[in-house]
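Order-wise, the sequence lines are chains S and E.
Residues are numbered in this note's numbering as their position in the first sequence, beginning at 1, plus a constant of 40.
Residues are numbered in this note's numbering as their position in the second sequence, beginning at 1, plus a constant of 13.
I should point out that these hints are in silico values taken from the structure, not numbers from a laboratory.
Glycine included, C-beta positions come from ideal geometry on N, C-alpha and C.
All clues given are correct.
Facing chain E, according to a computed beta carbon distance under 7 angstroms, are these residues of chain S, among others:
| id | residue |
| --- | --- |
| 1 | ARG43 |
| 2 | PHE47 |
| 3 | ARG85 |
| 4 | PHE86 |
| 5 | ILE87 |
Pair by pair, the computed Cβ-Cβ distance ranges are:
| id | chain 1 | residue 1 | chain 2 | residue 2 | range |
| --- | --- | --- | --- | --- | --- |
| 6 | E | ALA188 | S | GLY63 | 43 to 53 angstroms |
| 7 | S | MET329 | E | GLY182 | 55 to 65 angstroms |
| 8 | E | TRP241 | S | LYS452 | 43 to 53 angstroms |
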Amino acid sequence: MLRPERFAQLVPPSDSVIARGQGRSYGDAALNSEGDVILSERINRFISFDEATGLLRAEAGATLADVLAVFVPRGWFLPVTPGTKYCSLGGCLAADVHGKNHHHNGTLSAHVREIELVLADGSRERCSPDSNTSLFWATMGGMGLTGIITEIAFQLIPITSARIAVQHCKARNLETALDLLADIDHDDQYTVAWIDCLSSGEHLGRSVLITGHHATPDELGSVHGDRLLIRQRRQLGLPVDFPAWVLNFHTVRAFNHVYYARQGSRSQFVTDYDSFFYPLDAISNWNRMYGKPGFVQYQFVLPTDGAKEGMRVALELLAASKKPSFLAVLKRFGSEGSGYLSFPMNGYTLALDIPLSRELPQLLDRLDEIVLHCGGRVYLAKDARLKRGVFETMYPRFADWMRVRDRVDPNKRFSSDLSRRLGM
Amino acid sequence: MSVVPIQPILILGATSAIARSTAASLAAQGHALYLAARDTDELRRIAADLEIRFGIPVKHGAFDATDIETHHQFLQHVVADIGDISGVVVAIGYLGDQQVAQLDGAETQAIIARNFTGVVSILMESANYFEAQGSGFIIGITSVAGDRGRQSNYTYGASKGALSLYLQGLRNRLANSGVRVITVKPGFVDTAMTYGKEGTALVASPGSVGNRIARAIHGRSDVVYIPWFWRYIMLVIRNIPEFVFKRLKL
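Extracted from the complex, chain E is given alone in its bound form (with noise of 0.2 angstroms):
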């Protein structure tokens, strides 16, 4: 089987869960997909599966967000090898561990360089690509953690919060420019981030997150929490005064 390809989308951090049900999703519509992230024989599996259940091309590369010098000649050699892209989904994220990073400084320092300096580092490269093209999207992942600081995770909160406020400027930037900027908020995902820890409710299927990520290429949506409840949960967390929030164990 195979289908005339569309517009092919680059997907960063590839190997997760949702980046893996987005890509299904996308390749379902038709688009011809690049996937990038550092584990390269998980990206070979994932790439020849897409490739025999939807009929599409499917390349795949080695992409390290925290290896910034790479990122230039990197969206270079995807143009190179797949052809102009009309959009680009990150869905890098590292969750790491709070109690650990309360101590230890580099896993601080891992946390925000996986979940925001090195993201923002492509996501630049990005922007100043589809900028030049005149077209083109660009689809952030952040969390509902991003909306507000907690005990249990603010380090990870903290930098997908500068995410969310990073893709918010990048979409004020190009809002002239025929590039939209979207930015994914998911709950929790039935993911290996989720998967046995305690404290976790309303758990959504990586496949329905998916699928609502892909559709949001067609929606005019800035702002995309997933399931669309959280928009409304995380208004209340957010509007809990502060002097009753720090006193919460959240």
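With the rest of the complex left out, here is chain S (with noise of 0.2 angstroms):
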């Protein structure tokens, strides 16, 4: 593992490497086991940044906290962001990240003007929506596996406070989930749901609906102080692993209930920015709390033609097989962007996290199979086991981005476990 101080070193060291941010990917995108992984934490500096358009120029390794904090207090945010700010701006793009706002404003690349690559023969390469741009959206959701991104100028949005006005609703089942998400009276600016997979019959994929937008001055009432400053949170950690049995079926369905019922009947309240996208990142080491076996993300999108019945299908898998997903969102996508490989497209889509069991692996290849049928697909940046057909199926413009990377890197310099495992 190679970890460069300066930016001239950010180059592909040998013939199998893989660039990694911060890690933040959940299965094997930033692993290389058969070759080198180049760290570029330590590449993260700002160097640009326009005032007047919010147009930001930065090394990849910045990380979405590093924007954050330097450019909320002066009143822009980014235009699109996950649901960590713990990842670098690079990963952010080789994933092509998309967020509770994907609906409105697609993924983060919409949002990029250009960006700069260190190809596999070292040579460095500008590519933008405007040119170059074959290489631009094969990079943008390629995993790493064009280049290593080195620098990214992309556009921040104003806002008039750190705060977010928020409204939660009920949704007793699955079909009037779906309904919310779609209906423009209860959308905002970020629209999610999140589920409970554990209730079954007419409760099935009961939610909460949660929308909210950067709040207005008028609509922050008596707040003390900047309206652009809010109060840094102390990170809490978990010491240890929790004991495996801790989240089973009974505990997280008992959670399941509390969290319905009190959740759900929250009107509307005003709360600060990392409450609202980032609850997780309040623990350093949540994953912890899944104890030593660890859990499984699983993220897919099912077309809005046929999603209904699809996510009735997986939900009711899902619900039958008690394995207990801690955390699930439901989302509405919007359209599909540009990026060959990128994953959201039109419909709907669930994230889960499952702690790992004997039975999980079969659980997951059955879900794959509903969303193959639904011709959906799996998010890579989540995915550990996805296998190559299924992935090639899910991905019809696979043999496009193919084309570019046998361009730029016929020798798959750039190649990680993820790519060696889906044939990439």
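Need the complex rebuilt from these two chains, each delivered in its own frame; the hints are there to steer you.
Here you go:
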């Protein structure tokens, strides 16, 4: 594992290398057991910022947390953010991350103006949505396999406060939840649903719809002091792995009951952006609550046509398996972006994290089948077990991606455990 | 965002991880900065980053510790560019390879020139500048490796130990001139110098070291070990009798 401290050293050191930002992919995207891993974490400088337009140019190792800490107090926010801020900009683009506003604003790559890449031959190349476009769109969601992203110019969005005006709303079952997610009267800039994957029968897929937008000054009421500052949270840590039985069917079901009843009946309130976007970041190593065996993340999207039926089948399977997904999030996606391997497509997505068990691989294989049947796909940034043929069917633009890859890196110098597993 | 900058500080060897975090801590205090090192593209990046993050002016320019003839002019150029400076932080350092240095005189000379003779040259210029000004501070980053010679890195250790002695003498000379001289002795720090190397323990983050260095300006210590416990570790190591020490594999 290499960790350069100078920009010029962020180049491929050998014939097999993958760049790694903060290692926040859940699977094997940033692992390379047959070669080198090059860490970008020290290559994290801001290069320029246009106060008038909000265009930020930064090195790929800078984290979303870095961006927020510096720019929120000046009235700017990320155009798109995933559920953790402890990931690098380079990693976010390699996975072409989405956020709670995908249905309005697309993935992060939609807000990128230009990137710089180091290619397999060591040359530096700039690409953007306007020039060198095939390389650009092969890199957005390209899992680091087209080169090392070194610099990124992207657009921040203006905000007038660091707080989010939030509204919760109960959805008594899956059908209601899916309808609410598509209902413009209930929609907001950020819209997701927390979903109870253990309830069944008439309550199958009961959810709490969570919507929000950057609060305006008059929504804040009596906030004292600077509206763009929030109190910094003290990050807690779990000192030990929880015993594996802590998150079981019964405890998670009990939690879900309480959450649905309490959070579902909160109507309107204002919270800070950390609590709204990054609840899990409050605990530095929250993964420990799954105990030593750990957990598997699984996120899929189903196209709008047939999504209701597909989601119902998937949830029935999950509820019947009694495998507790402690955190499950349902969301409606907007249109598919231009990244050849970008995950989101018009439809509904469900993100699960399920404690690892002996029966889990089978369960996930069956979920794969449902996803395939519906014409959906699984998110590579969270995947550790998808099979080659399944992947190729799920990502129909893979052949286009491969053409670009063959042009810029015919010898697969950039490779990872994920790329070998999926035959990329 | 912009703050009213205070008292420019010159940082030499500014591309190292310790220098970068020291610069960030000083910038957070509101100091304007002048960054100097050989790699000017890297300097440009660090300077831009500090300007954006902290809203203070950061200038930069090329500086080579071993190019001694240029040092007098360099300091004049810095002052012309950014105004009178209130302090200098010397973070130049080169670990080199002890195994190579044992066989190759060029490596030995490079280690000594980059850690000691080159640094002494710019320290001399800085000392005279601050003495004439009647105020200011000089921070020299040496190393705990300079506290006792050991087989694994004694060329580096000797050059850093010599630098500590030079700073001690400078401190004595300038004690009544209103100029502070601070010797900083880091232990293992999580930088390229130690990354992936065996035998490192109690490794400190560059951020915590930079923070401590920036605080030293406002403190009263003459010699600062970072983290603090190295003072006691080195006290023990210095007091091991030589007839025992010489047989240790250190």
